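Using the hints, position chains B and C against chain A.
So you can see what is in the structure, the chains are spelled out below.
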Amino acid sequence: MNWLVVLPLVIPLLGAAVSLIARGRAFQRGIALAGAALLLAANLGILAVVLCQGVLCVQVGNWEAPFGITLVADRFSAIMLAVAGIVALAGTLYALGTLDGGRERFGAYPLLQLLWAGVCGAFLAGDLFNLFVWFEVMLIASYVLMALGGQRSQLEGGLKYLGVNLVASALFLSAVGIVYGMAGTLNMAHLAVRLPVAGPPGLLSAAAMLFLSAFGIKAAVFPFFFWLPASYHTPPAAVSAVLAGLLTKVGVYALIRTFTLVAVQDVGYTHSLILIVAALTMVTGVLGALAQHEFRRVLSFHIISQIGYMILGLGLFSPLALAGAIFYIVHHILVKTCLFFVSGLAWRLRGTYELERLGGFYGTHPGLCAVFAVPALSLAGLPPLSGFFAKLVLVQASLEMGHYMLALVALGVSLLTLYSMSKIWTLAFWQPAADTPQSPRIAPHRSRGWLLAGAPAVVFAGLSIALGLGAGPFLEVCRQAAGQLLDPQEYIAAVLASGGYACS
Amino acid sequence: MTLTLAVLSGFLLALVVPWLPGLERRACGWAMAVLPAGLAGWFATFVPDVLAGTVVRESRPWVEALGIWFSLRLDGLGLVFALLVTGIGALVMVYSGAYMEGRPKNGRFYAFLLAFMASMLGVVLADDAITLYVFWELTSLTSFILIGYAHERAAARQAALQALVVTTGSGLAMLAGLVMVGLLAGGFGFGQWESQAAAIRSDAWYGPAVVLVLIGALGKSAQFPLHFWLPNAMEAPTPVSAYLHSSTMVKAGVYLVARLAPVLGGTVLWGGLLGIAGTTTWLVAGWWAVRATELKRLLAYATASTLGLLVLLIGLGTEQAIGAAMVVLVAHAAYKGALFMLAGAITHATGRRDIRRLGGLIRTMPATGALALLALAGMAGLPPLVNFVAKEAVFTAVWHQPGVWPVLGAIALLGGALGVAAAVRVAWRALLRSARISGPAAGKVVFQELAGPAVLVLASVAFGLWPGSLDGLLSPAVAAVRGQPAELHLALWHGPSAAVLLDALALAGGVAVVVALGPVVRRMAPVERAARFNPERGYALALGGVNRLAAWQTHALQSGKLPRYLRTILAAVAVLVLGTLAFRGGLAWGSPIQDFGIAELALCVLVLAAAVFVVRSDSRLAPSHARGGVGAGVALVYRLGGAPDLAMTQLVVEALTVILFVLVFYHLPRFGLEVGRAQRLRDLGVSVAAGTALALVVLSASAAPLDRQIAREYLQRSVPEAHGRNVVNTILVDFRALDTLGEITVLMAAAVGVFALVRLRMRETPSGGQNGDGEPAPTRLTGTAGQAASGLAGPVGRGERPATPGASSILHAAARFLIPVLVVVSLVMFYRGHDAPGGGFVAGLIAVVALALDLLAHGPDSSRRLLRADPRTLLGLGVVVAAGSGLASWLAGKSFLSGLWLGGGLGAAIGTPLVFDAGVYLVVVGMAMLIILSLAEE
Amino acid sequence: MTLLLALTAGGLFAAGWYLMMRPSAVKLVLGVALVSHAANLAVFTAAGPSRRAPPLLPAEGLPPGTATLPVADPVPQALVLTAIVIGFGVLAFTLVLVHRAYQTVGSDDLEKMESAER
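Here the protein sequences line up with chains A, B and C, keeping their order. If you count the first sequence from 1, you need to add 30 to reach our numbering. If you count the second sequence from 1, you need to add 18 to reach our numbering. If you count the third sequence from 1, you need to add 145 to reach our numbering.
Simulated from the structure, these hints should not be mistaken for laboratory data. Note that this is a predicted model, so its numbers are computed, not measured. Where hints are given, some of them may not hold.
[Said to hold, decoys possible] Listed next, the in silico DSBU-like pairs over lysine-lysine satisfying Cα-Cα at most 35 angstroms (straight line):
1) B:123 to B:579
2) B:462 to A:453
3) C:257 to A:453
4) B:123 to A:453
5) C:257 to B:123
The following block holds chain A by itself, in its conformation from the complex (with noise of 0.2 angstroms):
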């Protein structure tokens, strides 16, 4: 079954490149739910095949580890590509709903499908410099993708974005070549195992720093976050939807891979520095979403907050913790991009992102009250949903390992959450519109497009209550692969000690 392993790179590549040949936008369009939908499959695929047989691996180029490239699925990567293979599919589905037909022409379709194999990739890889690879790919996508359009603000926005990134893979690409020069090989099971004996732990602990910072970058902690709330409002709906999904998050994973597997010599060191950092996270993120007044804005600094929780899970570094961290992910994956969804379908009724202009929708638009209030509050750690047990099983590792302050913050800032979107509520929804509402963005003829754009809103809140009243299972699953994160062992084993192609 390993071969499942290169579907997720392999269908999106494709996919781009053939709808670059044979341009034309239907059979773009076309192309793009197919892909989208085979990589959901293959995805789901991979997770079923993780989760009942273990690791699965490749030897990219049949050249055994650590010779080769190897693309390996722990628990940890099943679980994230399982839910960017959803992101992937809903997000084409809003695309096609929602999509201006200028940005479809110009390859908005193409760059969605670099955008999965990169982070698809970046989810697989098993050796440093090919995740730096799949990172430029990802990014690249998300940086044309961003400005595709070319409004001012996508431009401005865009070029913040672009500068920031471009600092972060610059440290993550000489962190690279460092740890090549410290121990020879580039296979993160492989380092696992020879980190330990190469170099003074300071020079690495040095280069850890340098991780953090690339990687703090893309994910967007603090000090590093300023990029995400200068660009995520820039951009159509469907395309910030997803960057504020997906991408972030791929930062986070690539901490938690490398802060469990590559860099945890001096584990009392930097994961107390990454406690620092989650603290503040949260914190900043959160007081900068209340100062906001503008639908997606609010929503971006949310993004950071969030990812605050994500960190404290990594750096208190228990099995809890970590499963906590990884629950949260998906939690956040689905929360935040449903609710990204739900800004696009209120401007595409009144054509205005600030919430002081929307409102009345609590006696217009029932549904999408709903659909906004589920994940709205999933966010805030309401019960019974999704986000309340991710918050749940992080207060509980932190005051487990007496981190009374962290558990505090953490909590203090699920209040402000809450206040927060009330806000939204009862600014956007509450409040009477206050002028008349314009004309909606959308020609009305185009009612299909309240289909394909209302359907994965609807999903998404779904699966965050379901997540929620199942949390009991999923947990289960969070906990394997958390297990599998604190001892590599069955990781390196499966990456090194196969025989090549037939492994695991």
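Just chains B and C, lined up with the frame of chain A:
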């Protein structure tokens, strides 16, 4: 299962209700009452069993990893509350039918009312702390929505938000406390907790846990200093106030305290906190009730006051105290529910809510007035109403409290008097005193609005006359709270006792207060002035402070200026890395001057000098050329380091980059633009620090002894297995071909991006909608419709273009001569790449240089003719070819991207890696040409 | 050699980052270009380069059992080559993005490009 169904039924019905027709009709109140009434009846059937001591339990695992079960239990305490919730629920539903008659959005109103009832049932039946918390927050949420029913009014929105923040905020504190107890007990089941009560009470965490849990409970039950949200919550429609904010939700806190008393109770801390909070609220809220004039606010304060009494009694914890609490609970639910509904009816009929503007209702609205009078009598605790029994029980409990009875006695006297005073004042001002107000103070009250109050008043009379009938219901509750069997013997008349005396005094005092209200208020004036600094003010200040802090922080951090962002980030990086090196060690120098060469020195100086020139120059093109110098220098460094492929690639890339810079910067201005000296120095400091950090880490890494096992492996296997003598190339197209696949993907994306940037130019949409969702494209694309129609679908080129200005005849000649040569060179480079420096990338770039030359000479269209295919086709084709070569080997049953070779021998060897390299070639040509053509044709 | 190269890489980083912090978007591009050179050089240097023959083998390949490498380490070279190409793609896009931003905003002043954050 049955209990779970009983809880869930409300939610299920709530999901259906909004779609039902005719909800604006009065009669639907009766229909909505069916479920609550049925549940009430069903719970009533449990009374005998519960009295017999049976406890119904249900539980199924929820989140086992955390020890969370979804479990319910029905015991004495739960039963009392369940009956209250469902019974009063039924009455309120009937009442709503009349009160909400003909209003829109009734579907959602009833749905949330039902959802609240279900959540409240969940709270009082939960047998697991987290299960309880889940329903607890659901009650806060439904209450939020119901308070904000009239959401068009800012006041309603504010009140709803305040209630939500206070209750959920305190709820989060409670959650922390519950989790701590759960960690101590190793689970969240209340049974588990009760069995380990002793251990929990002796643990160091006990103190904090109790405080946190009580914050939650007291916040929910509107206890001082978290009481202020309750009066404001009177923005809600009257049915909601009657149901949530007098008889049920606000009692959830009392319920929790009672439920946890066996676990956390019985300590000085517990009793002290409850005693202080309860007493304060009882007296303070009692006084505000006397002062209030707006009917519902007055009742709200009275409610808070009674809740304070309940909290105090549970804090005392004696059997008498708990018993008294239970009776008060029932009595209060009866008279206060009735009073709220009547107040609503009165306001509904007269359009007035201020008792100073009401009067003589007993004459103008006899039925309503009579019921109200009876209910107020109950509030005042006159015999033979059940509240009289309750108050006597209270005074008895207080009197027999060992040690503190004098203090408590005084407090009880005062509290009782205040309660009486409030009741008497309303009775006098609104009902008895003849109306001195202009206009008709009367109005029509439909029967359905009086049905609920009537039932409740009758109940309080009946229970007053035959209090013994409550024994069977309340004794098990007391037992559950005290964790030991209890016997309750209620009677209307126990014979003369201290309690009776106190009660009489309280009554007299109450009347006296009302009679002498003027002087009393004057006496209290200084106290009330002090009360300007009340907790509500604190809440407002805190919220304002947070918002100001947020604004300040965001302004400071999120300035919108990229340079500042980069400065902060790089400073952080420098601090992190240098700090780590300083405190964790790890610096290593190795032998700095190992094979140190003058050539290297010269090159490095040249490179750095060029860099400095780039930094300092202000002209337009010079710095970009100097940048090219840097690139060239670096290329030579690579050459010296034994990397000809790198050198070659770097040089060709530089050539191409210069072309791009020229094409773009042609339009850009001189950039004299600069900031002040101080800021320049700060930037310089930051960037130098960051640069130093990286230099140090790189240096230390290079000094570390390195096991080059991987490299050796490549060198040994390159020729026999990868059939190539240029190991760098075999790595790129074979050993690590996946990297290269990703690399050409990047090129593809970049090219598409450039093309789109140049061609797709949408207008900024007005009003903050910063994107062009769904707007028909042609209207949003500047330029001709033909251009709009193009995009990926249309051709790259548009219209004939003259050759680039300044294309001289020499250039023409050079082009004619050079282009074929370059094409040949490119092909050679490609073929030899596997064995000697070269390869698909370099070869492709050389071809591009040829095309670029043609473009400079004859203009874009000529070079596109030369190219023959659309660059985007080449891009796609290249990726397909590269990935396809990998899939071929995959289909051949080998791993993705593993080489398949025809013919073993070197040189002759043709294999998928070469096909892969061809893909790279195509992508490079397509990418570079797409970019160059887009720019040239702009 | 490594000392020199490390210093050069650090210098290029500093220069590039300084340029990226300038208010002028055009300098941002120049900075990006320098930084990518710096990063490539860092990778090349960290692996401990030395004056050795390029990793081009004789037709019969490398005689087995050689302890130290007879030629330069090909791995960092391959990495840097990939990085150069990626850097080129990104630089090209950055260049055009700056160009368009300049055209739209009417100035290359990054401090002026904050309309989306007001």
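Results of checking the hints against the structure:
1. The straight-line distance between the Cα atoms of residue 123 of chain B and residue 579 of chain B is roughly 47 angstroms, outside the 35 angstroms bound, and the hint therefore fails.
2. For a cut-off of 35 angstroms, the pair hint linking residue 462 of chain B to residue 453 of chain A is broken: about 40 angstroms separates their Cα positions.
3. Straight-line distance between C-alpha atoms of residue 257 of chain C and residue 453 of chain A comes to about 31 angstroms, which keeps the hinted pair within the 35 angstroms bound.
4. For the proposed pair residue 123 of chain B and residue 453 of chain A, the alpha carbon gap of about 22 angstroms is at most 35 angstroms, so the pair holds.
5. Proposed proximity of residue 257 of chain C and residue 123 of chain B is contradicted: the alpha carbons are some 48 angstroms apart, above 35 angstroms.
Of the numbered hints stated above, those contradicted by the structure are hints 1, 2 and 5, listed in ascending order.
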